[in-house]
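J.: One letter stands for each residue in the lines below.
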Amino acid sequence: MATRIKQFARDKGKGIKFYFVSALHRHNGGRARLYRDFAATRSLEIENKYAAKIDAFDYNLKREQLGAALYDFDEETAFNTAVEPVIARKKTALRLKYRARRETLKRAVTKGKITETAAAEALAAAEAENERLLGAFRERLTDRRRAAFTAEYNAARSSAGRLSADDFDAAKTAQVLAYAARQKARCAQKKEVFVRRNSARTARYERREARYLNILRNTETAVSVGLDDGAVLSVRDLCMYFGGIKAVDGLNFDVRKGEIFGLIGPNGAGKTTVFNCITQFYKPTRGEIYFTTKEGKVILLNKEKVHDVILRGIVRTFQNVEVIKEVSVLENLLISAHRQYTSNLFEQMLHLPVLAAEEAVIKARALKVLEFMGLLPYMDWYAFGLPYGVLKKIEIARTLMNNPQLIILDEPAAGLNDTETAELSKLIRRIAKEYDCTILLVEHDMGLVMEVCDRILAIAFGRMLAIGTAGEIQADKSVQAAYLGVDE
Amino acid sequence: MAGLLKNDYLKAVAPRPPAGFTALSRLKKFFAQPANQFLILGALMLVLFLLNKINSNLVPSSIINAVATTFIYATVAIGFCLLLGYSGLASLGTAGFIGIGCYTGFYMMEQAGATYLVALLTALAISLALGIVVGFISLRIEGIYLAILTLGLSEILRNLLMALSSTIKISLANIKLFGVKVDDKQVFLLIVFMFVVLLILTGNLIKSPAGRAMLAMKNSTSAAQAMGISLMKYRLLAFVISTVYAAVGGLMYVMLIPNITTSTSQLFTLATSLNILAAVIIGGSKSLWGTLAGTFIIYGLNATVLNRIAFFSKNPAIIVIVTGLLLILVVMFYPGGLAQMVKGARAFIKRKAAAIRRRRYGDED
Amino acid sequence: MSIFLNAILGQFLVIAVTVLATFAVTLIFKTSTTTNFAQGSIAALGCYVVADLLNKYKVPVYYGVLVGMVVGIGVGLVVDLVIFRKGRNVNAIGKQIITMGLVSVIFGGIPVIFGSPENIPFAPFYNYMELGAEPNFSFALGGGDIVISKNGLLNLGITALVITVIFLLLRYSKWGLGVRATASNEFTAELMGINTHMITAVSWSIAGALGVLAAAMYASSSAISPSFMTTIQVNAFLAAILGGFSTFYGPIIGAVLIPLAASLIGSLNSVLVSSGGSSSFDFARWSMIIVYALMLVAILIKPQGLFGKRIAKKV
Chain A
1 MATRIKQFAR DKGKGIKFYF VSALHRHNGG RARLYRDFAA TRSLEIENKY
51 AAKIDAFDYN LKREQLGAAL YDFDEETAFN TAVEPVIARK KTALRLKYRA
101 RRETLKRAVT KGKITETAAA EALAAAEAEN ERLLGAFRER LTDRRRAAFT
151 AEYNAARSSA GRLSADDFDA AKTAQVLAYA ARQKARCAQK KEVFVRRNSA
201 RTARYERREA RYLNILRNTE TAVSVGLDDG AVLSVRDLCM YFGGIKAVDG
251 LNFDVRKGEI FGLIGPNGAG KTTVFNCITQ FYKPTRGEIY FTTKEGKVIL
301 LNKEKVHDVI LRGIVRTFQN VEVIKEVSVL ENLLISAHRQ YTSNLFEQML
351 HLPVLAAEEA VIKARALKVL EFMGLLPYMD WYAFGLPYGV LKKIEIARTL
401 MNNPQLIILD EPAAGLNDTE TAELSKLIRR IAKEYDCTIL LVEHDMGLVM
451 EVCDRILAIA FGRMLAIGTA GEIQADKSVQ AAYLGVDE
Chain B
1001 MAGLLKNDYL KAVAPRPPAG FTALSRLKKF FAQPANQFLI LGALMLVLFL
1051 LNKINSNLVP SSIINAVATT FIYATVAIGF CLLLGYSGLA SLGTAGFIGI
1101 GCYTGFYMME QAGATYLVAL LTALAISLAL GIVVGFISLR IEGIYLAILT
1151 LGLSEILRNL LMALSSTIKI SLANIKLFGV KVDDKQVFLL IVFMFVVLLI
1201 LTGNLIKSPA GRAMLAMKNS TSAAQAMGIS LMKYRLLAFV ISTVYAAVGG
1251 LMYVMLIPNI TTSTSQLFTL ATSLNILAAV IIGGSKSLWG TLAGTFIIYG
1301 LNATVLNRIA FFSKNPAIIV IVTGLLLILV VMFYPGGLAQ MVKGARAFIK
1351 RKAAAIRRRR YGDED
Chain C
2001 MSIFLNAILG QFLVIAVTVL ATFAVTLIFK TSTTTNFAQG SIAALGCYVV
2051 ADLLNKYKVP VYYGVLVGMV VGIGVGLVVD LVIFRKGRNV NAIGKQIITM
2101 GLVSVIFGGI PVIFGSPENI PFAPFYNYME LGAEPNFSFA LGGGDIVISK
2151 NGLLNLGITA LVITVIFLLL RYSKWGLGVR ATASNEFTAE LMGINTHMIT
2201 AVSWSIAGAL GVLAAAMYAS SSAISPSFMT TIQVNAFLAA ILGGFSTFYG
2251 PIIGAVLIPL AASLIGSLNS VLVSSGGSSS FDFARWSMII VYALMLVAIL
2301 IKPQGLFGKR IAKKV
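Protein chains in written order, with my numbering: chain A, 1 to 488; chain B, 1001 to 1365; chain C, 2001 to 2315.
None of these hints come from the bench; they were simulated from the model. Wrong hints could be hidden among the right ones.
What the hints assert, rightly or not - Far from chain B by the CB rule (all over 12 Å, computed), these chain A residues:
#, residue
1, Ala40
2, Ile215
3, Tyr241
4, Glu288
5, Lys297
6, Asp308
7, Phe318
8, Asp380
9, Ala383
10, Gly385
11, Asp418
12, Asp454
13, Tyr483
14, Gly485
Stated by the list, open to error - Below, simulated SDA-like cross-link-like pairs (lysine to any residue); rule was C-alpha separation at most 25 Å, straight line:
#, chain 1, residue 1, chain 2, residue 2
15, A, Lys257, A, Gly244
16, B, Lys1233, A, Val306
17, A, Lys283, B, Ser1230
18, B, Lys1352, A, Arg99
19, A, Lys368, A, Val327
To be verified - Between beta-carbon pairs, the in silico distance windows are:
#, chain 1, residue 1, chain 2, residue 2, range
20, B, Ala1112, A, Ala200, 47 to 53 Å
21, B, Phe1193, C, Ser2221, 47 to 53 Å
22, A, Gly244, C, Ser2221, 48 to 54 Å
23, B, Ala1125, A, Leu216, 30 to 36 Å
24, C, Ala2298, A, Leu216, 42 to 48 Å
C-beta: ideal position from N, C-alpha, C; glycine also.
Isolated chain A (complex conformation) (with noise of 0.2 Å):
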């Protein structure tokens, strides 16, 4: 008994050890590479805002030549583009009016109140008024402004000391000139400071990972699991049983790095169920999931807590889109992020640079991502109210801010129409090519998942009835009977 207890104690005192070195190791990981990120970012940052410095320079200087211009020279031009806007305006009201009379009378012939013809004439009238009103709008305004800019112009004229329009050109070009170069120099400096100090950060944080990582090289033992040439998931054996209910029993079956593997199989075969004892929703009753992350480490997954299985690698989606409606787009895939974020409780209370830095890494790649799934127009909107296919594409981005090892896909075509289903399947290969990943998916359309699988699984009643290319398992005797039913 008593070696018994002195084990447990050994045994956890390694558990306790390698459970802060480890989140030790991450911390520092997560802020090396915060700002190893935070760089291209922060350095595009300083550039856009002393571009726009210059640019609202140059604004107000062109403000300011135009100003100048109005005392200077043409003072017909000037009057006529201060005036005619507002004359058009009073036009376009006029018309509006007009316009509404019109469909009043229109309204009132086929209703029989009045005859056409006096309909016409009505309308005839009600447009030389509209001229007549016109007429004197413009007349009344041209004396009444010509009178106070007149005054205005005499006034500009008597101040002493205004530069002609030539001269202060010249001056004030010289001035934007002087202010651009400052600018720039001040830009490029603060972006040298922000680099210093950046690189000396990231290479903080990189000794002290290094150096976590060495303490923990020594405490993990790696699960000494061989997969088989390149599998990222291996399921062996596994059972899920909901008290008499075997809702899978007994399967098995990999999946190889960067392909697109499919599971099929009729109403209650257990599809979803075996995605929900991947990603730890469900504790399997029996079997191993093991799974390769990105460093090419093997673990087991059966020991992860359902929210850390996105740490290993594996993000997933949800049948009944499962979005975050409260919050816009873009908040949707910052909430994806969440582990990403290093900052700690407090530095969140009182926002402190490094909550900003994050902020705005993390925004660039959601940016990045809502680019690469045509999400952008959507970016500020309220999850709520948005059709359903962009909720879906919502979901699916959001697994891309994880760089992923595995993505699982449940039922992504289910409701969507022939159209969008053919953009889908065109979408989960670009997927997979462009990050990198293996797609594990669940579908009911069969022209989709024979069109994108590289290989399939088919299964019914929580067995295994066979796996193979799209081929092979349309050829398969046990999955048309399955699907269609045996003839007697």
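Fit chains B and C to the known structure of chain A by using the hints.
T.: Chains B and C in isolation, oriented as in the chain A frame:
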């Protein structure tokens, strides 16, 4: 007139400045920062305090008192807002948590003779532990069951207070605040300070990953878990924040109203929990400003406005009826509370302005 | 032994009241998916009517209570028809807030209608019915006197009768089937042709009537005030949770257990004293805390309540 002309001309030739570089847009940016808004609120309260000090006819002490009461309850309410509006967890234990703050403050400052800071830290520690316990409960029990269970917990705490001490009574003369002896006027400043600090911290939190994680958890627990959000961590966090804020509120309450009889005080009963809930709902459960406004309607409106109207001050029962009706109407017709109302009004004005512009300038067909 | 027995027998009135209140709360929860915080104040309002009728107008107790229950029914109906039906898209928490608003309205309304009426004298039903001068049965048993309050017995009897009738209705009548269907899924029940409006309206009126009956019983042992039912109501909620909302009988068992447990624990002091020992721990003072704490533990172990069924959630 003359300036108008020049501006017309300029507008026609150079229509729009680059964004973010006019004085107005910079001002807008400054006010859009929640932290700045909260600081301005604090500054306004300081002005109120000074006006009261200069001449108590200018700003009567009753208003100062009402503001202090509102802020105390609002401290509790913003914690609750985080719990209900952001994490989607309902709790009716607020009164009990306030009670814990009250009693800790009383015990530490009056009986143990500790300073305010020590009392505050003790209250924080105790409420933190309590929050963790309730957080763990919330992992097993959800929804209305959780609400009633926390109600039970609140009743336990209330009975505990009654068993421990029949009156909670503090004499301010014994308390030192940062080494300075305080009177009830300085307590007001303390309340404003604590409230603004907590408001800023909360405002920051809900705009950070943690706030988003809570929202995710509220909307879909399974999606949140799949995105790597630990339910345990954030439920505990939400409950810890709400209990800690409630305890801080209780601690301040006991300094503002230093004599409470535990068996008859309404403070520790279900009524307080429900009033806080109502304040958050009336204001809009996802808006801090809304929550403050809601708390004011329930706790401050009476003393500051209604009592000055002859009809209401003659019939105090009518005030209660009006509050109740208001509550019912808001929930029935504006489920998003005052925050939604303001948002709706803004959208309405925008729409009207657009319509006017269309009418004036017309659109080509 | 006799102390324990007395502790149990002395709780008849409180048990009767709590059972009625709990049943009302459960009925509303199952048909309208809300916890009705106004249950206690609607009951108090009805009780004021009963008190006025009995004391001011000297109406016989049967009619007085019946009229009070009709008032309860009326208020319940108004709440359901005017407020809840208009706010069908209000979520569960919103409905709770509405009931709280009602509490406010009734609290403010009672002084307006009845003047300033704290502490109206209110004799037990037993006295009003003039069933005899002696208020208690008492006899010797096992070395002590056993005392049973006739009023408590009477109230318990009335409660048992009422609850039995309602249970029979729930089990065998069409309305009962409708209630059970609505409780299981309101939307589907509506699609299946059940008039859920009718069901909720009837449920609210039954809840109102039961509340007033309970309040009129409880008024004999506690001074009437707008909030005099609050403690009972809180206990009713807790009892409902303890028994589990998924059945009708679970909450009632919970409602019997809570006052019993409190009274038993409260009597421990005198038991210890009478058995020759002494206790420094004041059980009577801590009895509610212990009961609530025990209940909390029980619910944590069985989150669905003692008689509840677990409902699995699909991902």
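J.: None of the hints should be skipped; say for each whether it holds.
T.: Consistency of the hints with the structure:
| no. | hint | verdict |
| --- | --- | --- |
| 1 | Ala40 | holds (21 Å) |
| 2 | Ile215 | holds (25 Å) |
| 3 | Tyr241 | holds (21 Å) |
| 4 | Glu288 | holds (21 Å) |
| 5 | Lys297 | holds (19 Å) |
| 6 | Asp308 | violated (7 Å) |
| 7 | Phe318 | violated (6 Å) |
| 8 | Asp380 | holds (15 Å) |
| 9 | Ala383 | violated (9 Å) |
| 10 | Gly385 | holds (14 Å) |
| 11 | Asp418 | holds (28 Å) |
| 12 | Asp454 | holds (25 Å) |
| 13 | Tyr483 | holds (29 Å) |
| 14 | Gly485 | holds (34 Å) |
| 15 | A/Lys257 x A/Gly244 | violated (35 Å) |
| 16 | B/Lys1233 x A/Val306 | holds (13 Å) |
| 17 | A/Lys283 x B/Ser1230 | holds (17 Å) |
| 18 | B/Lys1352 x A/Arg99 | holds (21 Å) |
| 19 | A/Lys368 x A/Val327 | holds (19 Å) |
| 20 | B/Ala1112 x A/Ala200: 47 to 53 Å | holds (49 Å) |
| 21 | B/Phe1193 x C/Ser2221: 47 to 53 Å | holds (48 Å) |
| 22 | A/Gly244 x C/Ser2221: 48 to 54 Å | holds (52 Å) |
| 23 | B/Ala1125 x A/Leu216: 30 to 36 Å | holds (34 Å) |
| 24 | C/Ala2298 x A/Leu216: 42 to 48 Å | holds (44 Å) |
When each numbered hint is compared with the structure, violations occur for hints 6, 7, 9, 15.
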